[in-house]
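Q: If you're matching them up, the sequences are chains A and B in order. In terms of the working numbering, the first sequence opens at residue 1 and continues consecutively. In terms of the working numbering, the second sequence opens at residue 392 and continues consecutively.
One should not assume that every hint holds.
Capping the alpha-carbon separation at 20 angstroms, the derived lysine to any residue pairs in SDA-like fashion look like this [to be verified]:
| no. | chain 1 | residue 1 | chain 2 | residue 2 |
| --- | --- | --- | --- | --- |
| 1 | B | Lys826 | A | Glu8 |
| 2 | A | Lys222 | B | Gly554 |
| 3 | B | Lys575 | A | Gln219 |
| 4 | B | Lys838 | A | Arg246 |
If you only want the chain B side, here are some residues facing chain A, beta carbon under 7 angstroms, derived [claimed, not checked]:
| no. | residue |
| --- | --- |
| 5 | Asp494 |
| 6 | Asp565 |
| 7 | Asn566 |
| 8 | Pro567 |
| 9 | Leu754 |
| 10 | Ile804 |
Some chain B residues flagged as far from chain A (calculated, every beta-carbon gap over 10 angstroms) [as the list claims (entries may be wrong)]:
| no. | residue |
| --- | --- |
| 11 | Asp393 |
| 12 | Ser395 |
| 13 | Ile403 |
| 14 | Lys459 |
| 15 | Glu581 |
| 16 | Val585 |
| 17 | Tyr762 |
| 18 | Val775 |
| 19 | Phe860 |
The set of hints was computed from the structure by calculation and includes no laboratory data. All values derive from a computational prediction rather than experimental measurement. Where a beta carbon is used, it is the ideal one built from N, C-alpha and C, also for glycine.
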Amino acid sequence: MLKLFKEEPKFKFINKRFAAFALSGLIILAGVFVFATRGFNWGIDFSGGTLIEVSFQEPTKIDQLRGALAKINLGDAQITRIGGENKFFIKTMASLKKLNLQSGEQLEDIEEYELVAREIRNGIMSESERAAAAAGKIDLNNSAEGEIARYLRDKGLGDEDARESARLILGLRKSGSGIIADFSALEKAGVKNRVVSLLRSEAFLGKYTFLSVEFVGPQVGKDLRRKALLACIWALIGMLIYIGFRFKPLFGLSGILTLAHDVLIALAFILFFRVEMSLQVVAALLTITGYSINDTIVVFDRLRDNLKIMRKDNLEAILDKSINQTLSRSIFTSLTVLLTVLSLFLFGGEVIRPFAFTMLVGVIAGSYSTIYQSCAWLKVWERFLLKRKKS
Amino acid sequence: MDKSLTWKIGLIIAVIVLSIFLLYPPKDKINLGLDLKGGMHLVMEVVTDEALAIQTDMSATQLRGLFKDGSIPYERISRKGFNRIEITGVPLEDERKIKDILDDDFRDWTYTVGGSLISLALRPNIEQQLREQSVDQALETIRNRVDEFGVAEPTIQKEGLAGDRILIELPGIDNPERVKGLIKSTAMLEFHLVVNGPYLTEEAALQEYNGQLPDDLEIVRTNPRRLDKGFYVLKSATVVPGKDLKGARRAQDEYGAPAVGFSFNSQGATQFERFTAANIGKPLSIVLDDRIESVATIQDVISADGIIKGRFTIDEVDDLVLVLRSGALPAPLKYIEERTIGPSLGADSIRKGLTAALGGLLLVILFMLVYYRAAGINSVLALVLNMLILMGIMAYFRATLSLPGIAGIILSIGMAVDANVLIFERIREELASGKSPKSAIDAGFKKAFWTIFDANLTTVISAVFLFQFGTGPIKGFAVTLIIGIAASMFTAIFVSRVIFELTYGRRKKLSQISI
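Produce the complete structure using the sequences and hints provided.
A: This is the structure we're talking about:
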């Protein structure tokens with residue numbers, strides 16, 4: 001039988017509690033420091049603004065992209081490379097004023113962001129693309145299906161033909177990287193020759209495409225921040241009540257402190273690595289609150305039994321014994337989730353990575369805190385725990 | 392085989408069959424979220440203050456009528472803010488009469504009398520009611536428009552703490568700009584007499600009145616798509632209220648260019664007829680959503696039918712007809728969130744999500760097999776069944792699978808085997824304490840049950856809060872997590888127990904188990 005420990009381990013965890021508290025305290029303090037100096041890297045869910053995911057046909061350097069944006073006064077937009085060599089996130093909270101643009105009328109926030117996005121598009125287009133667009137040609141890599149179909153209809157194609165061609169063009173974009181490199185690819189995809197030759201003269205293939213465009217008004221984020229905080233606090237209170245009810249109030253309190261620790265450590269690492277604070281990260285934090293208490297419960301379960309059995313031993317011995325007895329369990333339950341989260345982190349793509357990162361840190365922190373801290377807290381309130389035992 | 396085991400196996404097979412039935416064919420049964428299939432996600436805020444202001448304006452008009460009928464003199468009756476009315480210059484001796492009017496016909500309002508000044512305020516509960524009504528009405532109107540435009544499987548629902556937000560999800564956006572315009576148009580069609588214009592700027596128009604516009608006039612800009620850019624001075628009073636508009640249709644003007652035809656109900660027709668008869672030769676403007684669409688001289692008496700001319704394209708005519716038909720929005724809308732996910736991004740996300748799920752599954756299976764050997768096979772079977780049930784339940788509830796939802800599934804793979812780990816470790820412990828394999832399995836399941844229950848319940852608690860907090864994709868994550876955990880309670884505890892019984896139950900002498 002394969003075993004992590006040949007025999008029941010006899011580690012002394014409780015007497016290292018001060019070192020453990022100090023280590024965690026240090027990480028959390030460092031997190032607080034980064035929070036105070038640089039703050040979170042808020043995603044547009046919370047800050048409001050424009051987020052564009054752009055993909056280029058050719059490998060592109062960040063500096064190239066930044067240069068193009070600088071020309072439209074957007075040099076300080078946040079540009080993040082996603083995987084590969086040619087995909088980027090462009091994030092900005094800029095308004096029209098920032099771009100030295102004006103609009104004749106009072107615009108809503110989102111309308112302004114839309115104009116900003118249009119400017120960004122202008123900024124990253126090449127000269128030839130700009131010329132083609134100015135000549136009224138349609139960009140097959142950056143138009144919606146309905147727009148392409150309508151354009152073809154306007155150019156004299158029958159309704160059926162126009163719609164079918166548009167569908168094929170979109171299908172081609174969907175199956176590949178989102179960018180059609182060459183008109184000949186259209187022929188291969190089954191677009192009629194006649195239509196392709198029409199497209200060759202009346203359309204162009206942009207060397208980039210916007211994979212997604214998101215605008216979030218500033219009022220959304222304000223609401224969301226409050227809601228996120230409330231949800232986290234309520235979840236913690238929910239845990240406190242449940243554990244306090246299932247075990248003892250002091251167990252509940254220790255469990256919550258351990259949990260709060262896990263969330264704070266996760267937040268600290270989010271701050272250290274400038275991970276974008278978005279809705280999915282909040283989801284990960286809430287999941288951690290629910291999940292990382294699991295192995296703590298396993299230990300508390302055992303502890304409850306041991307408190308009855310080992311009446312003569314002192315508390316520290318009972319705590320250590322309980323942790324050791326459940327040690328391989330605590331490690332393995334976290335390990336299985338860790339494996340799946342790791343897979344998510346490695347293969348799940350850039351969009352879900354902040355979530356996976358937060359979970360990764362949270363699960364590791366949860367495992368560590370279960371072993372080194374959940375019971376250590378009980379040692380801290382030893383006096384109250386024992387008093388109750390006597391009475 | 393003993394009876395209860397037969398019964399249990401029957402149940403498991405029934406669950407498998409049911410799940411497959413619910414899930415098949417998966418392409419039709421599993422709804423992909425916008426982030427996976429591409430589409431447009433919009434959140435709009437109904438500016439309910441405006442709806443109240445309109446209501447208050449109507450009440451003020453009513454009040455003027457009542458004062459006139461009761462021959463009570465007043466200096467001015469005007470709306471203050473969006474929910475108050477102020478009456479100035481009323482004689483003190485009429486106070487009784489006024490109070491009677493207000494008590495009888497203005498029950499929705501509270502009022503205070505301070506000498507010659509009377510202030511009315513809308514009661515808070517009525518205000519709340521009106522706000523809710525305007526959101527509901529907006530929701531209904533938007534739904535009509537989206538349906539008529541022909542978007543497949545749209546989601547349109549209320550959202551937000553205050554309940555004044557409307558979430559619209561349109562999968563596979565075909566023509567984003569057009570749809571957005573359609574949804575947002577308040578479609579308030581009004582007719583105003585033109586007093587002066589056009590002017591190039593608003594200032595120029597104001598100058599005509601020495602910078603002080605009389606109360607009964609307003610300056611309105613043209614819609615640059617229809618008319619030359621400019622401003623007109625119009626009479627504020629609208630000739631026929633928008634609600635008297637009965638229908639709209641595609642039409643042509645005298646040169647065969649596209650135009651929008653409209654017709655009034657009988658009440659509107661009477662009013663319009665009377666009005667046009669009295670104003671032949673004067674210019675009339677047609678205003679849609681505070682933009683002048685067309686200005687034309689009244690040539691003849693018009694009653695029920697008319698057309699709006701302008702530089703319309705066919706699509707623009709269709710859109711205008713559609714919004715006019717679906718009715719006016721009770722209040723303006725403001726976009727506060729707009730996300731457009733292209734189709735290729737969604738496909739890419741699905742590929743990556745599947746890779747991650749397979750990777751996670753393989754890693755977990757590998758670990759369980761290496762570490763628990765034969766018992767590992769048991770947990771893997773339970774895990775596969777868990778996934779099947781999870782997908783089956785999702786299909787049954789028509790739950791939407793989003794990228795975070797996939798993350799939820801991947802997480803529940805890890806969490807589902809958690810329960811197995813707890814049970815197996817416990818069995819090992821019982822074995823080590825010298826119990827026979829059979830009673831060790833027994834004790835293992837029994838003792839681990841409550842631990843597993845507690846552990847899973849806490850995760851469900853936080854998932855519930857998450858559901859409550861989240862929007863769209865995040866809700867999807869919470870849902871998959873909850874379903875996954877519930878399914879794992881069944882598979883890890885019940886199913887894997889049955890598998891143990893099947894493997895070891897029939898042997899008379901069992902001295903060793905592979906765990």
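Q: Looking back at the hints listed earlier, which ones does the structure fail to meet?
A: 5, 17 and 19
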